[in-house]
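Each chain, letter by letter, is given below.
2 protein chains.
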Amino acid sequence: MASEMRSIGKPTPRIDARERVTGQARYTGDVQLPGMLYARVLRSPYPHARIVRIDVSKAKAMPGVHAILTKENCRIQWSSGDSRNKRLLFNDPVRFVGDAVAAVAASDRHTAEEALQQIVMEYEELPFVLDMEQALAPGAPEIHPGGNLSPNNEGERAPETDQRGDVERGFAEADQVFEDVYISKHHNNAQMEPRVSVAQWEGSRLTVWASTQGISNCRRDLAKDLGLPLNQVRVICQYMGGGFGNKNQCHDFDLMASALAKETGRPVKLEFTRAEDFVAVHGRWPTKQYYKVGVKKDGSLTAIRMKAYSGMGPYRKGSGGVAGAQLYRCPNVKTEVYPVYTNMAVSANYRAPSYPQGVFGIESLMDHIAHTLGINPLDFRLKNMTEKYHDEVPYSSYGLRDCVTRGAEALGWRQKWHPPASDRGAQKQGVGMAMGYFGAGLGMSSAVLKLNPDGSLQVHVAVTDIGTAAKTTMGLLGAEAMEIPFERVSVLSGDTDRAPYSVGESGSRTTNYTGYAVVTAAEDLKRQLRELAAQSWSVAADAVQYSQGAVYMQDRPDRRTAIAEILKGNPDGLIAQATTDPKLKGVSRNSFAAHFVELEVDTETGDIRILKYVAAHDSGRILNPLTAGSQVKGGVAQGVSMALREELLYDQMTGIPLNPGYYGARIVTHGDVPDVEVIFVETADPYGPYGAKSVGEPPIVPSVAAIANAVFNATGIRIKELPITRSKILDAAPGVRLEGGRA
Amino acid sequence: MASEMRSIGKPTPRIDARERVTGQARYTGDVQLPGMLYARVLRSPYPHARIVRIDVSKAKAMPGVHAILTKENCRIQWSSGDSRNKRLLFNDPVRFVGDAVAAVAASDRHTAEEALQQIVMEYEELPFVLDMEQALAPGAPEIHPGGNLSPNNEGERAPETDQRGDVERGFAEADQVFEDVYISKHHNNAQMEPRVSVAQWEGSRLTVWASTQGISNCRRDLAKDLGLPLNQVRVICQYMGGGFGNKNQCHDFDLMASALAKETGRPVKLEFTRAEDFVAVHGRWPTKQYYKVGVKKDGSLTAIRMKAYSGMGPYRKGSGGVAGAQLYRCPNVKTEVYPVYTNMAVSANYRAPSYPQGVFGIESLMDHIAHTLGINPLDFRLKNMTEKYHDEVPYSSYGLRDCVTRGAEALGWRQKWHPPASDRGAQKQGVGMAMGYFGAGLGMSSAVLKLNPDGSLQVHVAVTDIGTAAKTTMGLLGAEAMEIPFERVSVLSGDTDRAPYSVGESGSRTTNYTGYAVVTAAEDLKRQLRELAAQSWSVAADAVQYSQGAVYMQDRPDRRTAIAEILKGNPDGLIAQATTDPKLKGVSRNSFAAHFVELEVDTETGDIRILKYVAAHDSGRILNPLTAGSQVKGGVAQGVSMALREELLYDQMTGIPLNPGYYGARIVTHGDVPDVEVIFVETADPYGPYGAKSVGEPPIVPSVAAIANAVFNATGIRIKELPITRSKILDAAPGVRLEGGRA
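Chains as they are written, first to last, in numbering that gives the first Met the number 0: chain A, 0 to 742; chain B, 0 to 742.
One or more hints might be untrue.
Since copy identity is lost for identical chains, a pair holds within one copy or between any two.
[Said to hold, decoys possible] No farther apart than 25 Å at their CA atoms in a straight line, the calculated lysine-lysine pairs in the DSS-like style are these:
| no. | residue 1 | residue 2 |
| --- | --- | --- |
| 1 | K333 | K306 |
| 2 | K567 | K223 |
| 3 | K223 | K9 |
| 4 | K333 | K727 |
| 5 | K415 | K295 |
FYI, nobody ran anything at the bench for these hints, they're computed from the structure.
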């Protein structure tokens, strides 16, 4: 009977699907307030320059112009904009093309734009550097005092280093040593909704309608940077149009809108153009990865050495990590990552920040090693994949091996795999695979649950639904825990004034953090209901049981009293709250994935067509197969785009980005993305709510490498620098055509 | 040290004062939503009629008209509109001039108004009755089946009766028996903000921006009448422009806006005109009070008998009570109240619903008895006032006697009182007094408190500030209980999505109900803080103390650790919730007041000028003297208006109200209201939060009677029918002038 009631595990459309598709959903850009002003931002045309003169007098005199902020009258520090150096809203020197130098609030957008043109900004150009390795070379232009190697958390100028064993001994033990270099590029998160913020002051209280992945953290940062107590800041984000990691925390546009609203005494809306969106916020950090791997004849690994550079742009907002080497069992590993300042656009978090680029490197190289040793890449992985975190710590639950075997079976790997470039004609088919993992953290978050007197439930959580259907998930968890129909549950979120703190929707954490709090609060609600019943029946609380929206005496399960009956005459209903902070005990908790691709390369045109795509995922128990499946498909779409299309190109002479925007950056569209067969290997993780782990970030992790490996299997061409464009295929193709052919 | 921190008891401006006076506050009427339609209501021109024909075709064909509701396509029952009979949104027969017959939603107000004129409504007129006693006479038009005496809670057609002792024996024991009749009129609550509602559906979820005194109850009623679970209804009222009792629960305009929004798929705003506001909602019930009182020669009371009629209009929304007789010690009391249906406008709650009219009657009569017996009215009260509820039950705290003596002293009663009409000229001065009381109930309400990691506090309560500064009071209670500065506290209210249930702001209950919950939740927060500290210091929880935003070891009060320090690294802060339902133990809990008036009557013009007004109140401990004082002054203003000005006049031939609106109803303006000297007799009530009782409703209670008694003392004219207009003075004045004169 209880199992009939279960909400989780059933495909459930998102609770706000109707509003989202009918245009009823009110996104931040839809916010209109009486008397609202519109803001626009003036940006540096130089990658590195000192500001010599500012004259805003002409702009300020324009009718309709209400306020102009520059470095001369606004010294607000944007603390989450650069975790290692001081970054102001308006910096001098400017350090990339797009660095903000002024913001105007005017009666309408057009006036604001015109005012930007009337602002006089004189610059003294400084030498600049775009390339990561050049930035570290002696004599390179210094972007921040102390040089271009960004300091680590301890403030030291040293690479982020991870090591076990002794790689030199490992190489000495190897039968063969492979060395190679892999390069990934800066590309933008390219979410649908642009950056937009509306700020309004009521007395000393600030309300910001933000497009943010985490209203709680956005509030925290606004309060910090503006010197306000937390109770004086409200952040609202009811509907959110995507972020993929670049709408965490508060952003300069939130602060600029707030400062302009303060200055003018009016609400201010600041919305970026698409071009600004691509240049002025951040994208994924580009990397250059040097590998050296030692292998025995039998294919077992003796040493992995990686030295990588990550280009952070001129401000340090992200870790710059390069992850992937830890997929393999190997006694001797050393990885070093150098996060480097350059005068390119800022780089920081984008879905699974450190992973797809690192996995592209290591999984391409492992594929190459398998090929060289004459081992089927599938067998090579099955032999060398580790089943422990960093080859040491047990996983809380582990499904990667099943992902690999089930994914391979679904693609038909054993039937389809062939030596590289076996097809004789220009159309060459091939298969590729790659593995991936992503941490599924646990941590502190809160939920408040209100059980209405009619038995309906309101779940208050500060969760922003960035496209993951997180609000729906929180509702499903509430319904499941209370054993009531999902239709009886509302999720109230998106407003720091109505929800308790929740970790932002980033790091694939929402289900693990806030979901845990929801379930815990529901347990308290059930306890309260049992106690109320026990009290009215004059029995001990433990004689009363709860199930499916009703209480009953333990020995009379047939005589059930519904919630509404228990709460009769109680207009308040019941309230429960939980702040939970679960801890892992001696284990590491990760989600896993293995992707398998079959594709066809036209070596005469360079065109790549994906024929079949299988994504096998261990994300623990799947709470909502419908939306979890969408997450996988969305991640694959971005993986395809990263593998085959996207790169923010720079004019090397001027430091000007050449192709900001959807069209220029060649973001994939629906027509470019293959059907994806999603396989969930459902482990039941002992730490997650109902066994769930993370599902949001993992899908992009193995995708790029799997595609690159399939291109190699089809053509024998190993593209080591992303994206795998037509021209790169064509440049390499003639030589390939000469190589062998399918029997 | 602790006493320096206290927030309560200090005059504190309301937290949203700045927003209210600068126009920043967003009232319901300010709500603008994209695509919003505007609604208007067509109303019956007859006091009683059957609808014969409806034709909306012409109106519906008008460009811009989106929907028309009538009884033919809308059968929604408005359950809080009539607690005894079924009331639909659109009734047939119509039962008063102003009964709604159709509602139109159109692209703008003007189109909606024009459409009303194009609706064809044919009526068959029915006989009607306006007078209460006539309505009960045989053969009177039957407004509802079963006759015009409105049934009581048990459904019986019987008066509301209250009695103790044996009045007949009491009259037999009396030396003298007085009989008299007092009449009060229907007058409108006349709050500044008109009735307005904005409704919007998102899928199956309804949001109503209401102008309501209680968002929780409004939500409950909307859910009930529209058949929705509570989680599907959200009610928002952030700022509210007054109600004084006629914005409790949900109203027909809330339901009409919701129904029109559903019908059109668009947000709908429905705002009443001022005339509609006066006629179509409700005002105070008119009464006719027959008294018979037995007295001994020494002035002691032997019996009080009252038979009263209350005119409820055609729908029963209020109790119709007539209160006041219980002010006196008397062994034999019998009161009967007949709530009667008439074809006048609906009558229901208006500030201290049953009191000012009943106190006008009994306090006028007692004044008259004192005069007749030759006893100073002050001494008569001091002798006969009871110090127990219904002369039986002890009060939880009692300050009425002090109110009487301190008020009399402040006015200079002993110096100023003289025999009636002592002044010889046309300008006659006199003094009057009256007593009053009002129940200060306790009951269930909830609060959720969030202590931010920086030590600032958010108080979540569903309190609507209807002008009482209730939000400020909740903040003061939170600050006081946490011993932190008031500036560190925000009150988050006005939205059922962000606050737990709170009793509506009616019945002077907010401080007693919700305030209690705030204090209780704060106690839990302090407990949590002590436990966190104890845990981190590895000591027992009871070794840790809390005061003024810091914890310390009991034996080391000098080493204090601030909240922000305790919560370091905890992004969530702490949450506490309380649902409290305090119960009285063998006592009655009331607030008390005695008002003293000195005025001058010009018997040649009928003009009355108040010279001095003293209002002495026992409202327990005063949490905020500034806003409590404003409550008293506001109540007196309404009392002056009720005493001297207001009456909704009816054309007796047509049943049409003649003077709906501020100007027609002669509402007092600032220029008409005297300065009021407010005295607070601060008892410390053991049940209230920090000793508080009720302060909102009491101030209007004794005001009318005190003024009437002063008019009598000045002129010797006893006006027994409100309002005390110039013409009534002039009609009575000539005879008076002949009576004696001051020595």
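These are the hints, each one checked on the structure:
| no. | hint | verdict |
| --- | --- | --- |
| 1 | K333 - K306 | within (8 Å within a copy, 97 Å between copies) |
| 2 | K567 - K223 | between (45 Å within a copy, 14 Å between copies) |
| 3 | K223 - K9 | neither (42 Å within a copy, 31 Å between copies) |
| 4 | K333 - K727 | neither (31 Å within a copy, 102 Å between copies) |
| 5 | K415 - K295 | neither (27 Å within a copy, 114 Å between copies) |
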